[in-house]
Amino acid sequence: MKFGVIVFPGSNCDHDAYHVISKHVGQPVDFVWHRETDLSDFDALIIPGGFSYGDYLRAGALARFSPVMNAVKEFAARGRFVLGICNGFQILCEAGLLPGALIRNRELHFICEHVYVRTETSDTPFTNELAAGRVLHLPIAHAEGNYVCDDATLDELRRDQRIVFRYCDARGEVSDATNQNGARDSIAGICNRERNVLGLMPHPERACEDLLGSSDGRDIFRSLAGTLAAIS
Amino acid sequence: MKAKVYVTLKTGVLDPQGKAIQHSVELLGFGGIADVRQGKYFEITLDPDADPARAHDAAERMAREVLSNPVIEDYRVEISET
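Chains H and R are the protein sequences, given in the same order.
Residue numbers in the first sequence follow our numbering, run continuously in steps of one, and reach 232 at the last position.
Residue numbers in the second sequence follow our numbering, run continuously in steps of one, and reach 1082 at the last position.
Hints are computed from structural coordinates only; laboratory data are not their basis.
None of the values given here were measured: they were computed from a predicted structure.
Each residue gets a CB set at the ideal place from its N, CA and C atoms; glycine is no exception.
A portion of the hints provided could be inaccurate.
[Claimed, not checked] Taking lysine-lysine pairs in the DSSO-like style, the calculated list, with each CA pair at most 30 Å apart, reads:
(1) H:Lys73 x R:Lys1010
(2) H:Lys2 x H:Lys73
(3) R:Lys1040 x R:Lys1002
(4) H:Lys73 x R:Lys1040
(5) R:Lys1010 x R:Lys1040
(6) R:Lys1040 x R:Lys1004
[To be verified] Across the chosen pairs, the derived CB separations fall in these ranges:
(7) R:Phe1030 x H:Pro67: 46 to 56 Å
(8) R:Leu1014 x H:Asn128: 31 to 41 Å
(9) H:Gly54 x R:Leu1014: 20 to 30 Å
(10) R:Val1025 x H:Asn70: 36 to 46 Å
(11) R:Arg1076 x H:Arg193: 27 to 37 Å
(12) R:Gly1012 x H:Arg158: 25 to 35 Å
(13) H:Tyr56 x R:Ser1080: 20 to 30 Å
(14) R:Met1001 x H:Arg158: 47 to 57 Å
(15) R:Leu1014 x H:Arg171: 41 to 51 Å
(16) H:His19 x R:Phe1030: 46 to 56 Å
(17) R:His1056 x H:Phe65: 21 to 31 Å
(18) H:Gly54 x R:Ala1020: 20 to 30 Å
Start from the sequences, fold in the hints, and give me the full structure.
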């Protein structure tokens, strides 16, 4: 099993993701520069957080046109696993690999703090080691994390249990007060129809060591590694 | 010749920046403002001899595929001599 971490100009959580895979998951991992077009070495890709292309035009909009993204689309279409974190989630939405869009936070501020998110489903390769309802303590750091989609998309996401994480309080209660960025239905993360592509705004890779305030993020990467081990 | 592209948020999509701008304008003493929506304007300079119809089609594609996000935004394209 081999992980790839895609690096765009302006990515800044690429080393965190690499560190987690190599140290805490204990699997081979390589950086993939955004001009790369051959992803055949990899079984799972992480599109990390940061400010690809300086967030010019819209967050994630220009990264979509990097050469690697056509290969990422083919990679996902073959059923391989893609995890987009923060800017990675924005890029996946812009590229059409996930529905909806991420717009400016309701209160306009850049929010940088630890929040709680509730795992809504164990039925994804990224959450199968997490019990549904499990509350994770993860940091968020974004100005455009306010998830929007039309009514039909929201109905479909709910019906197919594709809402994977929602903002909540420490007890797992979801309310408007816990919805830091104003996201529709408090959505913090969703997956695609085939469930092999996940995007989320919180940063699990920054929550893998107790020293950093939480190690709750580790189970997301371990779920993915466990899924890969089971199918290989 | 120029292609002028206006990108605006779709009706119903929350525009917190527009709201903040409205508030600031009201603080300046302007009243009677029902709403402010923020958008983007792009000016693309083209070959002066370009065919206007083809230039319009090209700008339309740029607006649809790059300059706007169809999930949240609408666009309008104008071709102008200046």
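To see whether the hints hold, each was checked on the structure:
Distance check on the hinted pair: H:Lys73 and R:Lys1010 sit about 27 Å apart at the alpha-carbon level, within 30 Å; holds. Simply put, H:Lys2 and H:Lys73 have alpha-carbon atoms about 18 Å apart, close enough for the 30 Å limit, and the pair holds. For the hint linking R:Lys1040 to R:Lys1002, the alpha-carbon distance of about 16 Å falls within 30 Å, and the restraint holds. Proposed proximity of H:Lys73 and R:Lys1040 is supported: the alpha carbons are some 29 Å apart, at most 30 Å.
Of the supplied pair hints, the one linking R:Lys1010 and R:Lys1040 holds, its CA atoms being roughly 13 Å apart against a limit of 30 Å. Distance check on the hinted pair: R:Lys1040 and R:Lys1004 sit about 11 Å apart at the alpha-carbon level, within 30 Å; holds. For the hinted restraint 46 to 56 Å between R:Phe1030 and H:Pro67, the CB-CB distance of approximately 48 Å keeps it satisfied. One distance hint, 31 to 41 Å for the beta-carbon pair R:Leu1014 and H:Asn128, holds here, with the actual separation near 34 Å.
A hinted range of 20 to 30 Å holds for the C-beta pair H:Gly54 and R:Leu1014, which are about 24 Å apart. Take R:Val1025 and H:Asn70: their Cβ atoms lie about 44 Å apart, and the range 36 to 46 Å holds. Distance hint check: the CB atoms of R:Arg1076 and H:Arg193 are about 33 Å apart, consistent with the given range 27 to 37 Å. At roughly 19 Å, the beta carbons of R:Gly1012 and H:Arg158 sit outside the given window of 25 to 35 Å.
For H:Tyr56 and R:Ser1080, the Cβ-Cβ distance of about 25 Å falls inside the hinted range of 20 to 30 Å, so the restraint holds. At about 48 Å, the CB distance of R:Met1001 to H:Arg158 agrees with the hint of 47 to 57 Å. Between R:Leu1014 and H:Arg171 the Cβ separation comes to about 28 Å, which falls outside the hinted range of 41 to 51 Å. Checked against the hint of 46 to 56 Å, the C-beta distance between H:His19 and R:Phe1030 comes to roughly 52 Å, which is consistent with it.
Under the hint 21 to 31 Å, the C-beta atoms of R:His1056 and H:Phe65, about 22 Å apart, fit the expected range. Separation of H:Gly54 from R:Ala1020 is about 22 Å and conforms to the stated range, judged on CB atoms against 20 to 30 Å.
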